[in-house]
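Colleague: Each chain, letter by letter, is given below.
Protein chains: 2
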Amino acid sequence: MPLIATPQSQHFSLPLALQSGASLRDYSLSFETYGTLNAGRSNAVLICHALNASHHVAGTYAGQDNSEGWWDNMIGPGKPVDTDRFFVIGVNNLGSCFGSTGPMHANPDAPAGSGRVYGADFPVVTVEDWVNAQARLLDTLGIRTLAAVMGGSLGGMQALSWTLQYPERVRHAVVVASAPNLTAENIAFNEVARRAIVTDPDFHGGHFYEHGTVPKRGLRIARMIGHITYLSDDVMNEKFGRQLREAVLSSADGYRYSTQDVEFQIESYLRYQGDKFAEYFDANTYLLITRALDYFDPARAFGGDLSKALQRATCKFLLVSFTTDWRFAPKRSREVVKALLDNQRDVSYAEIDAPHGHDAFLLDDPRYMDVVRSYFDSIAQSVGAAT
Amino acid sequence: MPLIATPQSQHFSLPLALQSGASLRDYSLSFETYGTLNAGRSNAVLICHALNASHHVAGTYAGQDNSEGWWDNMIGPGKPVDTDRFFVIGVNNLGSCFGSTGPMHANPDAPAGSGRVYGADFPVVTVEDWVNAQARLLDTLGIRTLAAVMGGSLGGMQALSWTLQYPERVRHAVVVASAPNLTAENIAFNEVARRAIVTDPDFHGGHFYEHGTVPKRGLRIARMIGHITYLSDDVMNEKFGRQLREAVLSSADGYRYSTQDVEFQIESYLRYQGDKFAEYFDANTYLLITRALDYFDPARAFGGDLSKALQRATCKFLLVSFTTDWRFAPKRSREVVKALLDNQRDVSYAEIDAPHGHDAFLLDDPRYMDVVRSYFDSIAQSVGAAT
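If you're matching them up, the sequences are chains F and G in order. Going letter by letter, the first sequence gives residues 126 to 512 in this note's numbering. Going letter by letter, the second sequence gives residues 126 to 512 in this note's numbering.
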């Protein structure tokens, strides 16, 4: 039976203190749930999203056949994270542009009646802030303890942070294609993308909504850079190589000899991805989410000692990385594995030999799927969620 | 004795037919020479430049102490390419913004008296076109045969192309940190940089000179992307890591929590490099040179068979690559080595274990310097240039 998803929203009127020292006066979180919470409330699984995803993790919306959730291949009835056994929660993070309170929403500190939205005044939010907000949502859902928290990439950072901020509320953490912090190169790519957005004349210091503009040029560049880093060199060569979009018959070598037109297929692909993204993504959200990535660094408060930082974590872990992921390389996952083992934690680790780069965490590699399925089978046993 | 460089210019009034089918009506090339051409005219070495370099390869300009040429550590009296033994020629390529005819020069096809510069109408030039233009310069200098042609990165592509276009005029080719063509990922980075420039409102379709503007935003982004790809992940982590530019004392973790301000040292470094570049580099030149990189592909006319393509080359070769260069990875140099060996050519190959990424070809790694020095010693023997 197909999974039909229904988006929900929860309002919070108690202010949320943020890591930066600022606070959010009141806010809403968009979320979805799939499956049924069991009587013991022991089968809840929280899914954390990465850069451009949302609370719509699995299933489709009624009457919209092509509205699959972003991790629908992983989560659903009979899937590796089986919604026949688990009560799965997808939540949209603060600062996003997909429903939860973010830069496009009214700023309660603006003059009354001004209707002014946050824009660039939305406070900087961190992975830790998101986790705190997610914990409050679980409170309203009556969930004290998660069978598992799971995420890929930036979502994996949230899963890891859960085990440090709320160790007593997490039984298992599944951290896929992630890292204990960003490298200088990761930050560098984020910064170039941000500069492209911020220096777009249509950005207006982040208050473009009032000007009726959208910094689409910047968003396009940001997305093109992102796409390069999501793919491996190998898969790009296999998929696009040096293929021309359309060979010019009058030219001996097929080249059209232009500096501005599309010549190669890879250019066409990147432009398409950039154009598509600029139509739906919010520029301030892009800045906020990349900054959350930059700032995440649990070892920082421990002089860079990740083993000390992870002492607080008490749950069991599954980490997964992909050999050709150069954005969050396997060695970054191994740092986490090593630090957990230093603390005698129960850790499973799978390094999947996949050609697809960072994108692999969203794809259907059967070995990856099997590893996650088998891990969730064992979770089901341990939390009494076996069917 | 310090090497004093004197820029020269050579005008050519015979049109140059370009690979695209277009032609340049007349043009000038800026160049410099160092050392003395011997009586047998057998000791000439041509140096080809990469993206943002010029004919000013070695030495300093009189009275300008800080005006070292871009490869001054490699070339000069007593240096690996020893100007006491070799007559070394640096030449600025067509389409550049450092003296040779380029987009900033008057377009002879514009209405008389309009004074209109080429701008975006400068014809697309290829590595092969550059080599043809360089060959004409050698003709005017009375040099029939080069003791060696040498270049790094895009300059290495020119060196390789020399051995194919003028096999009888080259005795040795030194190809450093280069590749037989760009990968899809290489093209992708070039394309993002070009899109940043072309979509900058100050670009005006490439005719910004007439508008009194410079697409600096785009140039900055282009340069920031470039810098990321010139460095290795390792050297970036070592040099910048996650260091903050200035920790905020009032903040528990030192973060200033801003999406638009500089937070990390790597951001500061990239912004500085971008700003500097936008002050002196021409946007149309950037498009032209990255396209020359994209198009270079000697195997293309041979159905992708590099061994067949390199059959024409008859000279001896030295190839050098650097282990952490991910822009032009060692495996790309090995493709060239393999193709030359398939043709029983005389090839030396050094893979230098250096941490500096693509930038290493401009740096002072002693093993790299020794390899080049020793190779040029043997060239000196073979061409009668030994002192």
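Any given hint could be a false lead.
If several chains are the same, the list does not tell them apart, and a pair holds so long as it fits within one copy or across any two.
[What the hints assert, rightly or not] Cross-link-like lysine-lysine pairs, in silico, DSS-like; alpha carbons within 30 Å at most:
hint : residue 1 : residue 2
1    : K204      : K456
2    : K456      : K364
3    : K463      : K341
4    : K463      : K401
5    : K401      : K341
6    : K456      : K341
7    : K364      : K433
8    : K463      : K364
9    : K204      : K433
10   : K401      : K433
11   : K433      : K341
To be clear, the hints were calculated from the coordinates, so they are not data collected in a lab.
Colleague: Between K456 and K341, at a C-alpha cutoff of 30 Å, which is it: within one copy, between copies, both, or neither?
Modeller: neither (35 Å within a copy, 37 Å between copies)
Colleague: At most 30 Å between alpha carbons: which applies to K364 and K433, within, between, both or neither?
Modeller: between (43 Å within a copy, 25 Å between copies)
Colleague: Taking 30 Å as the upper bound on the Cα-Cα distance, should K463 and K341 be classified as within, between, both, or neither?
Modeller: Answer is neither: 42 Å inside a copy and 45 Å across each miss the 30 Å cutoff.
Colleague: At most 30 Å between alpha carbons: which applies to K401 and K433, within, between, both or neither?
Modeller: neither (43 Å within a copy, 42 Å between copies)
Colleague: When no copy is named, should K463 and K401 be tagged within, between, both, or neither for a Cα gap of at most 30 Å?
Modeller: Close neither inside one copy (40 Å) nor across copies (42 Å); limit 30 Å.
Colleague: Go through the copies and call it for K463 and K364: within, between, both or neither, with a Cα cutoff of 30 Å.
Modeller: between (35 Å within a copy, 25 Å between copies)
Colleague: If the cutoff is 30 Å on CA atoms, where do K204 and K456 land: within, between, both or neither? Let me know, please.
Modeller: within (28 Å within a copy, 40 Å between copies)
Colleague: Is the C-alpha distance from K433 to K341 at most 30 Å within one copy, between copies, in both cases, or in neither?
Modeller: neither (43 Å within a copy, 46 Å between copies)
Colleague: Is it within, between, both or neither when you check K456 against K364 at 30 Å Cα-Cα?
Modeller: both (26 Å within a copy, 19 Å between copies)
Colleague: Between copies, within a copy, both or neither: which fits K401 and K341 at Cα up to 30 Å?
Modeller: both (10 Å within a copy, 26 Å between copies)
Colleague: Within a copy, between copies, both or neither: which one fits K204 and K433 at a CA-CA cutoff of 30 Å?
Modeller: neither (36 Å within a copy, 51 Å between copies)
Of the numbered hints listed earlier, those contradicted by the structure are 3, 4, 6, 9, 10 and 11.
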